[in-house]
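Participant: Protein sequences, first through last, are from chains C and A. Its first residue numbered 1, the first sequence is counted upward by one per residue in our numbering. Its first residue numbered 135, the second sequence is counted upward by one per residue in our numbering.
If you are wondering where the hints come from, they were derived from the structure by calculation, not from laboratory data. Take the hints with a grain of salt, since some may be wrong.
Residues of chain C clear of chain A, computed beta-carbon distances all greater than 12 Å [said to hold, decoys possible]:
#: 1; residue: V45
#: 2; residue: P47
#: 3; residue: T87
#: 4; residue: D122
Among the chain C residues that face chain A by a calculated CB cut under 10 Å, a handful are [stated by the list, open to error]:
#: 5; residue: Q32
#: 6; residue: F55
#: 7; residue: F75
#: 8; residue: K120
#: 9; residue: K128
#: 10; residue: I130
From the three backbone atoms N, C-alpha and C, an ideal C-beta is built for every residue, glycine too.
One letter stands for each residue in the lines below.
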Amino acid sequence: MLLCLPGASADPLTPQVQVITHPSVQVDALSQAQLRSIYLMRQVVWPDGVAIRVFTLAPRSAANLQFCRDQLQLFPYQLERVWQKLTYSGTGTPPTELQDQQAMLQAIAATPGAIGYIGKQDETQGVKVIPIKP
Amino acid sequence: MKLRVLKSFQLSLSSGLLALCGVFSASAADSWHWHGFVAQGLIQADQSNFVNDDGDISTDLTELGLNGSYKLSPGWRLSGQVMYLDGGNRYATGWRIDYLFLNWTAVNSLDWQLNLYAGRFKNMHWLYSSTRDVALTRPMIVLPQSVYFDAFRDIAVGSDGLALQSTNSTTLGELEFIWSYGATPINREISQRVIATQIQGDTKQKFVHQATVFFRPADSQTQWGISLLDSDFSYRRAPVDMFFDGDFTVQRVMANWRYSAELWELSSELVQERVHARGFYLPVFERNQFAQGAFLLGSYNWSDSTRLYASYDWYTANKDDRGGALLSLQSGGLIPRYFGYQRDWGLGVTQDLAKQLRLKLEYHWITGTGRLGPNVVPAIEINRSRHHDLWAVQLMYWF
């Protein structure tokens, strides 16, 4: 169940995490720029008007490092800076941080409009996997 | 005094928590977010009036704030922050409403977001302007004064008016446009810090109009920005006053840049500021002067919890008088040449002690007094040294 990150044998060009959403989210794929907009907390609703609930793992966790580098092409400290800027200037709110990937899977499955990420080899029962286009 | 303020902050937090628990249901709590920060430090600038007039070690390095935002509907949000600041001579001491605005998200598609703000909002146009008072978001305890002149902080930090922010995601990269129009109320204390300690009349900012473009190219770790500012001020003398009625136009052209690597980061901002003064010194006085400034700030992540940083900040009050000779000449030798410029080397370290607890320590080697307040009639009786160092240590907590 637990993700092996960063794996010594993993292909460095293949993302080691996958993006997941609540099954009711009416989006089948996202571009990297669109995913970045969501995680920079600029994009706050899905195209059908449902509010996006963004979940993340601890900034220094291996999964988060992989997600930021591979899927967002950002470093965790850049994301944190943007979230803090939004939080303390009143122009946005930060995402919800979860303890581990098990908690992530449960939160995404239980929250309409939710988006998050887990390891590529992890179970995805109860959630929807969203391909990310470069 | 500090203890009283901190206790009152603690009480506010407790009552805020109780109010949250009692008033809001679980679903309403999803729409409600609140956060805060508190930072206290020690600072000394022993040969300048930057912090105080006597140069002693000071606790005048206090920043605390509590903010909340409430989602009224999917497209509407109300946000506000109250803040207490004590920076000694640097800016006005006391409580203030830092921001309070209504945010309308007019467009929120996957590739384009457009937000409109009405009320009191923060200056979003420079790299660090929107959260310059929030210690945890600031790259340094004392920001480069060429751009973030503390004596002018209360005027530049935000505006009462309207603002717009648009972000487009394209295959070429991300394009952000910010526009704002408004004004800031200026009280006597702010005037004294900016213009002259002897000021008696009324200073008014008629308007400030700003526009900024940021571009973040795709597949790149750089960000580029350009920003324009236009603002008019008026001064109306008191019945007994050593100054005359006057009008000032301030215009800024700025460029900024940032490069982010995994372990290190560089950022820079350049500014040229035109100040057109009419009257004030004498009824028929007129002067058009261009100041210039730039800083380079670098940081290195030594470990997960330790960050080292260094900066160089350069400022000249008159691009045609970089050494301050003309300034001294025009004042009949009363104002030393070193009031015409300022150079600042800074070095610091940030240590994360816990997840939301951070300690910062920094030292500045400064030459020139061109960025010490007041700006219009400088404090020549206190700032008698061309070289003046500054050190500060600050502990900060946030939630």
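Participant: Hint by hint, work out which the structure violates, then give me just those numbers in ascending order.
Facilitator: Numbers 1, 2, 3, 6, 8, 9 and 10 - these are the hints that the structure violates, sorted from lowest upward.
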